[in-house]
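> Sequence:
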Amino acid sequence: MMGMMEAAFLEGLAKDSYWEFFSRHAFGSQNPEEHPELEVIGKKIAGRLKGSPLAAKTLGGLLNSDLHERHWRNIMNSEIWELKQGRISPWMAQSFIAPQGNMRIEVVGSEYFHDLLGRSFFECSFWKDKYVMHDLIHDLVQSVSVDEHQRIEDVKWQEIPSRIRHLSICTKNLELSQLADFGNYKNLRTLVFVNLYDANLDSMLDCLFTRLTNIRVLRLRKCGIQELPGSIGKLKLLRYLDVSENNIPRLPESLCNLYNLLVLNISDCLIENFPARMTNLVKLRQLVADAKTICKLADIGKLTSLQELPNFKVEKQRGHKIEELKDMMQLHGRLRIENLENVESREEANQAKLNGKHYIDELELVWNSSGNDDEVLEGLKPHSDLGRLEIRNYGGVRFPSWLDPQSLGSLKAIFPENIQSCEQVPSIGQLSFLKILHIKNMHAVKLVGHEFYGSPEVKGFPSLEELRISGMPAWEEWFGTEGIQMFPCLLKLHVEDCPKLKGLASLA
1 MMGMMEAAFL EGLAKDSYWE FFSRHAFGSQ NPEEHPELEV IGKKIAGRLK
51 GSPLAAKTLG GLLNSDLHER HWRNIMNSEI WELKQGRISP WMAQSFIAPQ
101 GNMRIEVVGS EYFHDLLGRS FFECSFWKDK YVMHDLIHDL VQSVSVDEHQ
151 RIEDVKWQEI PSRIRHLSIC TKNLELSQLA DFGNYKNLRT LVFVNLYDAN
201 LDSMLDCLFT RLTNIRVLRL RKCGIQELPG SIGKLKLLRY LDVSENNIPR
251 LPESLCNLYN LLVLNISDCL IENFPARMTN LVKLRQLVAD AKTICKLADI
301 GKLTSLQELP NFKVEKQRGH KIEELKDMMQ LHGRLRIENL ENVESREEAN
351 QAKLNGKHYI DELELVWNSS GNDDEVLEGL KPHSDLGRLE IRNYGGVRFP
401 SWLDPQSLGS LKAIFPENIQ SCEQVPSIGQ LSFLKILHIK NMHAVKLVGH
451 EFYGSPEVKG FPSLEELRIS GMPAWEEWFG TEGIQMFPCL LKLHVEDCPK
501 LKGLASLA
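Residue 369 in the numbering used here sits at position 369 of the sequence shown; the count goes up by one each step and never skips.
Don't read these hints as lab results, they were simulated from the structure. Do not rely on the hints blindly, as some may be mistaken.
[Unchecked claim] For each label pair, taking beta carbons as the anchor points, the in silico distance ranges come out as: (1) 423 - 73: 35 to 41 Å; (2) 384 - 203: 54 to 60 Å; (3) 283 - 319: 17 to 23 Å; (4) 423 - 489: 24 to 30 Å; (5) 433 - 505: 37 to 43 Å.
[Unchecked claim] Cross-link-like lysine to aspartate or glutamate pairs, in silico, EDC-like; alpha carbons within 16 Å at most: (6) 313 - 268; (7) 234 - 290; (8) 283 - 106; (9) 234 - 206; (10) 500 - 477; (11) 412 - 341; (12) 435 - 466; (13) 186 - 153; (14) 440 - 364; (15) 44 - 111; (16) 292 - 338; (17) 296 - 268; (18) 283 - 308; (19) 44 - 69; (20) 440 - 390.
Quick reminder that beta carbons are idealized off the backbone N, C-alpha and C, glycines included.
Whenever a hint applies, use it, and build me the whole structure from the sequences.
So this is what it looks like as structure tokens:
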């Protein structure tokens, strides 16, 4: 017999008791106080587990397999903690995620999933970035959501409950009359077609879109679609649209009427151009496509809700200048700005307002040819919490004044590459958290001395673990600092293609 009863919620263990339990599994016979750096990481991980003993045992055992800081940090920063947008976005589109103060709704969604993961509703799969649901949990979910969701496999067409809310179709045996019936399902909110490449959906889409006026999530990935009909503009409530991996060369103008759209996935569609009113989709948070496709979109700066823009190519024509970045203050993660030779002055570079984009973790600045590079780079000052900086093909003769501990005190990795005119390496030895430094193809450098360390009287590069220097044909001498230890944490030193270098500096 099956029935329903009021849920009983079990509280997690108290904080102190939980840490004791967690550390027993994570450290084994080792004393946590003898590994202070691991203890700090361990407490951060334990704080995320909501007091779950099962999660403590599982994660603790994984940590205990290697008591090195790098391993523990890899686990702390691994994908197990972040639900990819492919899973969060449908939740967001269905309003399943309740806003919490100023937190991004994507972050709240990640916490939801992590909570479910910690309570063993989901388990990690052997496949990267995949999760599975235990059979018993799956059966439970099926029982409590009967008549509200259904998956139609490649067998005989099944009867669809009238109050269906979420429907996925994995059969190629579709008929137009069956899709026409979808208009009768007034509660239908999610419709997913799964890999129906040979199902000839093109002829059915107009009928489908005309009847699905209440739909919130529509996934048509890899369905052999060559054209989206104009009737898609009737889906006024649509928030999530995935048409990836289809042969769609262009999007209909009516798509721009979907003012509630939050997510649009057009990856691997070979889009030739965008509709003229594309930037009317001001609620759009995720535009999933390759960099080449996104760069075709003029006036992208009007999409101020976008959370990610991995690549931006600066052009001189209107709608593609660096000023497009000005109001895109919600950008998160990584940002690569190319063709910076098309920026003519420091004032123009300032219009990107990189110092106000506090959610950018990684910044890559790329030139293809020389221009007024020194002044332009000065105007591209990022915010102070940036974690990773890459500067490529820069033609200036000096590094920017903002590359110092006061301006970039949180920087953990720097990659200067193909910088032909600078005669000195950047003076970055006093960046307290810098762990990785790769210097490549700085052809004008002949001497590396005190300026590299930032100060001749203070320990230089206190946290650096990896130093790689290559492609320095003019480099002859590398001086250390008398009596002061440099590189106290260095684990890897790699020097190559520096034919004139007479010797290494003393690193002790």
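> None of the hints should be skipped; say for each whether it holds.
Tested hints:
Under the hint 35 to 41 Å, the C-beta atoms of residue 423 and residue 73, about 36 Å apart, fit the expected range. Taking 54 to 60 Å as the suggested C-beta distance range, the pair residue 384 and residue 203 conforms, at roughly 56 Å. With their beta carbons about 20 Å apart, residue 283 and residue 319 fall inside the hinted range of 17 to 23 Å. A hinted range of 24 to 30 Å holds for the C-beta pair residue 423 and residue 489, which are about 28 Å apart.
The hinted range of 37 to 43 Å is not satisfied by residue 433 and residue 505, whose Cβ atoms lie roughly 22 Å apart. A distance of roughly 19 Å separates the Cα atoms of residue 313 and residue 268; the hinted pair therefore is violated under the 16 Å criterion. As the CA atoms of residue 234 and residue 290 are separated by approximately 27 Å, the hinted pair breaks the 16 Å bound. Restraint check for residue 283 and residue 106: satisfied, since their Cα atoms lie roughly 14 Å apart, inside the 16 Å limit.
A distance of roughly 10 Å separates the Cα atoms of residue 234 and residue 206; the hinted pair therefore holds under the 16 Å criterion. Using a Cα cut-off of 16 Å, the hinted pair residue 500 and residue 477 holds, with the two alpha carbons roughly 8 Å apart. About 27 Å separates the Cα atoms of residue 412 and residue 341, which puts this hinted pair outside 16 Å; it is violated. Taking the CA atoms of residue 435 and residue 466, the gap is about 6 Å. The hint holds against a cut of 16 Å.
The straight-line distance between the Cα atoms of residue 186 and residue 153 is roughly 22 Å, outside the 16 Å bound, and the hint therefore fails. At roughly 15 Å between alpha-carbon atoms, residue 440 and residue 364 fall within 16 Å of each other, so this suggested pair holds. A hinted pair counts as satisfied when its Cα atoms are at most 16 Å apart, and residue 44 with residue 111 qualifies at roughly 14 Å. Taking the CA atoms of residue 292 and residue 338, the gap is about 12 Å. The hint holds against a cut of 16 Å.
For a cut-off of 16 Å, the pair hint linking residue 296 to residue 268 stands: about 15 Å separates their Cα positions. The suggested pairing of residue 283 with residue 308 holds, with an alpha-carbon distance near 13 Å, which does not exceed 16 Å. Taking the CA atoms of residue 44 and residue 69, the gap is near 13 Å; set against the 16 Å cutoff, the hint holds. Simply put, residue 440 and residue 390 have alpha-carbon atoms about 11 Å apart, close enough for the 16 Å limit, and the pair holds.
Hint compliance for this structure: hints 5, 6, 7, 11 and 13 are not met, and every other hint is.
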